[in-house]
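Chemist: Each chain, letter by letter, is given below.
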Amino acid sequence: MARLTVNGSSKSIDVAPDTSLLSALRDVLNLTGTKYGCGIAQCGACTVLVNGDAVQACQAYVGDLGDAEITTIEGLSGPIGDALKAAWLTHDATECGHCQPGQIMRAAALLAETPDPDDAAIRTAMNGNLCRCGTYGRIHAAIRTAATSLSDPAKG
Amino acid sequence: MTMTNHRPRPDRTPAPDAPSRRTLLRVMMGTGAGLTLGLVLPGSEPAAAADGDNTTDAGSADLAPNAFVRLARDGRVTVICKHLEMGQGVYTGLCALVAEELDAPWDSVHPAPAPADAALYNNLYWGPLQGTGASTSLANAFEQMRRAGAVARAMLVRAAAEAWDVPPDEIETTDGRLRHAAGDRSAGYGEMAAAAAALPVPDPDTVPLKDPATFRLIGRVDLHRPDAAAKIDGSALYASDIRLPGMLVARIRRPPRFGATVKSVNTEAALAVPGVKAVTPLPAGAGLAVVAEMPWQTARALAVLAVEWDDSATVTTGTDAILERYREQAKTPGTVVRNQGDAAAALTKPDSVAIEATYDVPYQAHAPMETPSAVAHLTDSGIEIWTASQTPTTDVLAVAEAARVDPARVTLHPTFAGGSFGLRARPDGGCARDVAAIARALAEQGIGAPVQLVWTREDEIRGGWYRPMALHTVSGAVDANGRPTAWRHRVVCQSILKGTVFEGPLMGDGIDPTCVEGVADLPYAVPNMYLDLHMPETGVPVLWWRAGGHSHTAFATESFVDELAHAAGTDPLALRLDLLRDAHPDMLNVLLLVADKAGWAAPLAPGRGRGLAVHRSRGTSVAQVAEVTVKDSTIVVDRVVCAVHCGLPVNPSVIRAQVEGAIVFGLSAALRGRITMDDTGAVEQSNFHNFEVLRMAAVPDIEVHILPSTAAPTGIGEPALPPVAPAVANAVFAATGTRLRSLPLRLKG
Numbered sequence: 010m011a012r013l014t015v016n017g018s019s020k021s022i023d024v025a026p027d028t029s030l031l032s033a034l035r036d037v038l039n040l041t042g043t044k045y046g047c048g049i050a051q052c053g054a055c056t057v058l059v060n061g062d063a064v065q066a067c068q069a070y071v072g073d074l075g076d077a078e079i080t081t082i083e084g085l086s087g088p089i090g091d092a093l094k095a096a097w098l099t100h101d102a103t104e105c106g107h108c109q110p111g112q113i114m115r116a117a118a119l120l121a122e123t124p125d126p127d128d129a130a131i132r133t134a135m136n137g138n139l140c141r142c143g144t145y146g147r148i149h150a151a152i153r154t155a156a157t158s159l160s161d162p163a164k165g
Numbered sequence: 047m048t049m050t051n052h053r054p055r056p057d058r059t060p061a062p063d064a065p066s067r068r069t070l071l072r073v074m075m076g077t078g079a080g081l082t083l084g085l086v087l088p089g090s091e092p093a094a095a096a097d098g099d100n101t102t103d104a105g106s107a108d109l110a111p112n113a114f115v116r117l118a119r120d121g122r123v124t125v126i127c128k129h130l131e132m133g134q135g136v137y138t139g140l141c142a143l144v145a146e147e148l149d150a151p152w153d154s155v156h157p158a159p160a161p162a163d164a165a166l167y168n169n170l171y172w173g174p175l176q177g178t179g180a181s182t183s184l185a186n187a188f189e190q191m192r193r194a195g196a197v198a199r200a201m202l203v204r205a206a207a208e209a210w211d212v213p214p215d216e217i218e219t220t221d222g223r224l225r226h227a228a229g230d231r232s233a234g235y236g237e238m239a240a241a242a243a244a245l246p247v248p249d250p251d252t253v254p255l256k257d258p259a260t261f262r263l264i265g266r267v268d269l270h271r272p273d274a275a276a277k278i279d280g281s282a283l284y285a286s287d288i289r290l291p292g293m294l295v296a297r298i299r300r301p302p303r304f305g306a307t308v309k310s311v312n313t314e315a316a317l318a319v320p321g322v323k324a325v326t327p328l329p330a331g332a333g334l335a336v337v338a339e340m341p342w343q344t345a346r347a348l349a350v351l352a353v354e355w356d357d358s359a360t361v362t363t364g365t366d367a368i369l370e371r372y373r374e375q376a377k378t379p380g381t382v383v384r385n386q387g388d389a390a391a392a393l394t395k396p397d398s399v400a401i402e403a404t405y406d407v408p409y410q411a412h413a414p415m416e417t418p419s420a421v422a423h424l425t426d427s428g429i430e431i432w433t434a435s436q437t438p439t440t441d442v443l444a445v446a447e448a449a450r451v452d453p454a455r456v457t458l459h460p461t462f463a464g465g466s467f468g469l470r471a472r473p474d475g476g477c478a479r480d481v482a483a484i485a486r487a488l489a490e491q492g493i494g495a496p497v498q499l500v501w502t503r504e505d506e507i508r509g510g511w512y513r514p515m516a517l518h519t520v521s522g523a524v525d526a527n528g529r530p531t532a533w534r535h536r537v538v539c540q541s542i543l544k545g546t547v548f549e550g551p552l553m554g555d556g557i558d559p560t561c562v563e564g565v566a567d568l569p570y571a572v573p574n575m576y577l578d579l580h581m582p583e584t585g586v587p588v589l590w591w592r593a594g595g596h597s598h599t600a601f602a603t604e605s606f607v608d609e610l611a612h613a614a615g616t617d618p619l620a621l622r623l624d625l626l627r628d629a630h631p632d633m634l635n636v637l638l639l640v641a642d643k644a645g646w647a648a649p650l651a652p653g654r655g656r657g658l659a660v661h662r663s664r665g666t667s668v669a670q671v672a673e674v675t676v677k678d679s680t681i682v683v684d685r686v687v688c689a690v691h692c693g694l695p696v697n698p699s700v701i702r703a704q705v706e707g708a709i710v711f712g713l714s715a716a717l718r719g720r721i722t723m724d725d726t727g728a729v730e731q732s733n734f735h736n737f738e739v740l741r742m743a744a745v746p747d748i749e750v751h752i753l754p755s756t757a758a759p760t761g762i763g764e765p766a767l768p769p770v771a772p773a774v775a776n777a778v779f780a781a782t783g784t785r786l787r788s789l790p791l792r793l794k795g
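Chains as they are written, first to last, in the working numbering: chain U, 10 to 165; chain P, 47 to 795.
Misleading hints may appear alongside valid ones.
[Unchecked claim] Derived CB-CB ranges, DEER-like:
hint : chain 1 : residue 1 : chain 2 : residue 2 : range
1    : U       : I49       : P       : K544      : 33 to 41 Å
2    : P       : P379      : U       : A130      : 51 to 59 Å
3    : U       : D73       : P       : G795      : 38 to 46 Å
4    : P       : T394      : U       : I49       : 49 to 57 Å
5    : U       : T157      : P       : G234      : 37 to 45 Å
6    : P       : S679      : U       : M10       : 51 to 59 Å
7    : P       : E374      : U       : D73       : 51 to 59 Å
8    : P       : P291      : U       : K20       : 14 to 22 Å
9    : U       : S21       : P       : P291      : 15 to 23 Å
10   : P       : T307      : U       : I22       : 38 to 46 Å
11   : U       : A129      : P       : S679      : 19 to 27 Å
12   : P       : T362      : U       : A130      : 46 to 54 Å
13   : U       : K20       : P       : E583      : 50 to 58 Å
To be clear, the hints were calculated from the coordinates, so they are not data collected in a lab. Every residue gets a Cβ at the ideal spot worked out from N, C-alpha and C, and that includes glycine.
The shape of chain U in the complex, shown without the other chains (with noise of 0.2 Å):
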């Protein structure tokens, strides 16, 4: 048995230690917002935030987590997860839909850290995270537009 934080609430699964967080997340726990991609750390569709920092779960596993506070895309919620939802929206940032939880959380993280990155800071911060319908730049835009709503909630 293994203990995992999720999204707030203490979970117990069965499962042994060296199981990928990604498996535990989507295959035990049902939590299928956090995808698959790539198993090798190199697309970013499974990031989540554990402990506030971008993590690609296909490469975390349970017995290294401890007590660390995980959120994923269904748990994600405060100021930043509304603001990024919402230029999400206002972007069109989807399309296909599949790498955009990965993106989401990752872009939670940049902005828990930069509030008010600039276009390198958002290229280097999201470069982990691959789209292949090609979403690059409106994602880019919806980073700059929360980030902007943030600072200034008049303006968002």
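Once you've looked at the hints, dock chain P against the given chain U.
Modeler: Chain P only, in chain U's frame:
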């Protein structure tokens, strides 16, 4: 606006209204190809379609006038979408068409996927075949969906007229409400739905349509996607997200090389892994599947699965050798596709300058972010499949065969597709077929649980079904006045259609159009034009990919016309304008617009270059100017300016997104990824670390300019892809003087 959530209903039995065996067989045989079925007659399908097999909240339809529109008493409109939403925004388009003519408010309209049904939901361009691809969705459904909405509106108007005892033409509709201005009566659509449902359904072919000047949703730039919210909060379901009670999971062991089959397998160690239920072969040399309770158990079992492969039909040739063979083949005449004038004679005229160039493109994987996946549940009453398919009605046949059930007993529940780009249109049924075979094998062992097959990324990258490798040899001549007089073009490209269910309907004259589309219809006014084709067989499974054959033909044609311009000492824009002067006006217009927006004639700093390309595909004309910087042999694309003519712009935001996306996808192939096989035939790439695609840091500034038009809409999902690679190659030439003729573009250091 929220997306209908496709929660599976595991207890559902196959629908009695599934397509008849005869219909399905006709599709399979292609005997109905070319037949265009009009709007399905009202009343010819059960009203239950909206609650449609995989939606749970569209069931309260009170008005169901046709196969596409449902109106509930609360005013909610469900648009049953016959095309797969794979990111291209087709739900937005189909919903907008219905809502426009229905006069329904945008936030009352909700998309739901249509079940597989070739009679009701066929692609009107493809005969009795339901399908999404070749950028046909909005174009084929444009009038059909408008008429579907207009019929519903006409019934509501008549119901109100009868209820209020006023003439129907005195009733106005706006934003989901009916009003009789003089009598001061009004009602919401939902209130009138039941009364409307009791009326006869008007003929969709004669129901009046709106004057386009009065459109309020079509063409609106701020219409947001109805599927966005579910994709943003993680609730949108893809086939890989389906979870059914007791569901088992399957992973596959692919043959190490194409064509290898299982000679023998020792399953003892694999079956001893806790949780593992079965090891079973897959159809058609697709390898073996391991079935277990949990995915990590399949991984352990695959690690100890001992397979001996039969290599008697294995491809043991590398891509270098295949390309060399193509080069040899290109020295001999192929099947003539196009021949006007006398290109051979014109090429040798003494006062002409003749040039020849050879271009090649590699195999390409699709690499959608969601790998192919499907769920099957085989019971005594039939088989249910959850998957995202571009070709659901042929998948149903493949599933039926693999599961050994009657096609009428196959129920396909469409899910969202996490990208596709052609991959989910495998003529053999692909992943859905394989999971059906697994379900059958489990049933033989007395296991009736549902089972989910998810490909790993490695399965996808190494598994074939690639865009074919292609070689183009092109010769041309310009006369003393700088005018091109000859164009002789030879294509060597594997056929996608040959040997598939689509060969009969689509390859009538022995020429696979997917090999030559874009050259066979090259619009340039060159008096002596010749095209022939070789379709070699390699044993590597190939498939359509975004933009199909245009993805490689445009690289050759638009690079070569640039070479002709330089040979003639003419500006590449001026030459194209001259050669297109009698062709499509919209091609001229996109060229002129893109040249203006890009500042075609403005000087650039040393090391920078600007390249132009124009191409017409799926009825849509696209011109692009790429600006590149070359430094230390590295190509950086700084900017792509694009002008597009796609008929009436139904959803401008979706059009922009598709153009941006196609440019990014095309740049991945122009600059990064390719599939190669070593000289034993083994694929050398396996995942995103060695099959590279464009990341955000490399994305150029992209400007999209949409030409206004009132013509019927044409394709948009693909046509912005073909010009990218030649525009960049032409820009590299402008910057460096080096002509790159192979994709991906690489400058030698």
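Chemist: The structure should be examined with respect to each hint, and the outcome stated for every one.
Modeler: Hints and how they fare:
1. For the hinted restraint 33 to 41 Å between U:I49 and P:K544, the CB-CB distance of approximately 35 Å keeps it satisfied.
2. Taking 51 to 59 Å as the suggested C-beta distance range, the pair P:P379 and U:A130 conforms, at roughly 58 Å.
3. In this structure, U:D73 and P:G795 meet the distance hint of 38 to 46 Å, their C-beta atoms being roughly 42 Å apart.
4. The beta-carbon spacing between P:T394 and U:I49, approximately 55 Å, falls within the hinted interval of 49 to 57 Å.
5. As the Cβ distance of U:T157 to P:G234 is approximately 38 Å, the hint placing it in 37 to 45 Å holds.
6. A hinted range of 51 to 59 Å for the beta carbons of P:S679 and U:M10 is consistent with their spacing of about 56 Å.
7. Checked against the hint of 51 to 59 Å, the C-beta distance between P:E374 and U:D73 comes to roughly 56 Å, which is consistent with it.
8. For P:P291 and U:K20, the hinted distance range of 14 to 22 Å is satisfied, since their beta carbons lie about 20 Å from each other.
9. Under the hint 15 to 23 Å, the C-beta atoms of U:S21 and P:P291, about 20 Å apart, fit the expected range.
10. Taking the beta carbon of each, P:T307 and U:I22 are about 40 Å apart, inside 38 to 46 Å as hinted.
11. Take U:A129 and P:S679: their Cβ atoms lie about 24 Å apart, and the range 19 to 27 Å holds.
12. In this structure the hint that P:T362 and U:A130 lie 46 to 54 Å apart at CB holds, the actual value being about 49 Å.
13. At about 53 Å, the beta-carbon gap between U:K20 and P:E583 stays in the expected band of 50 to 58 Å.
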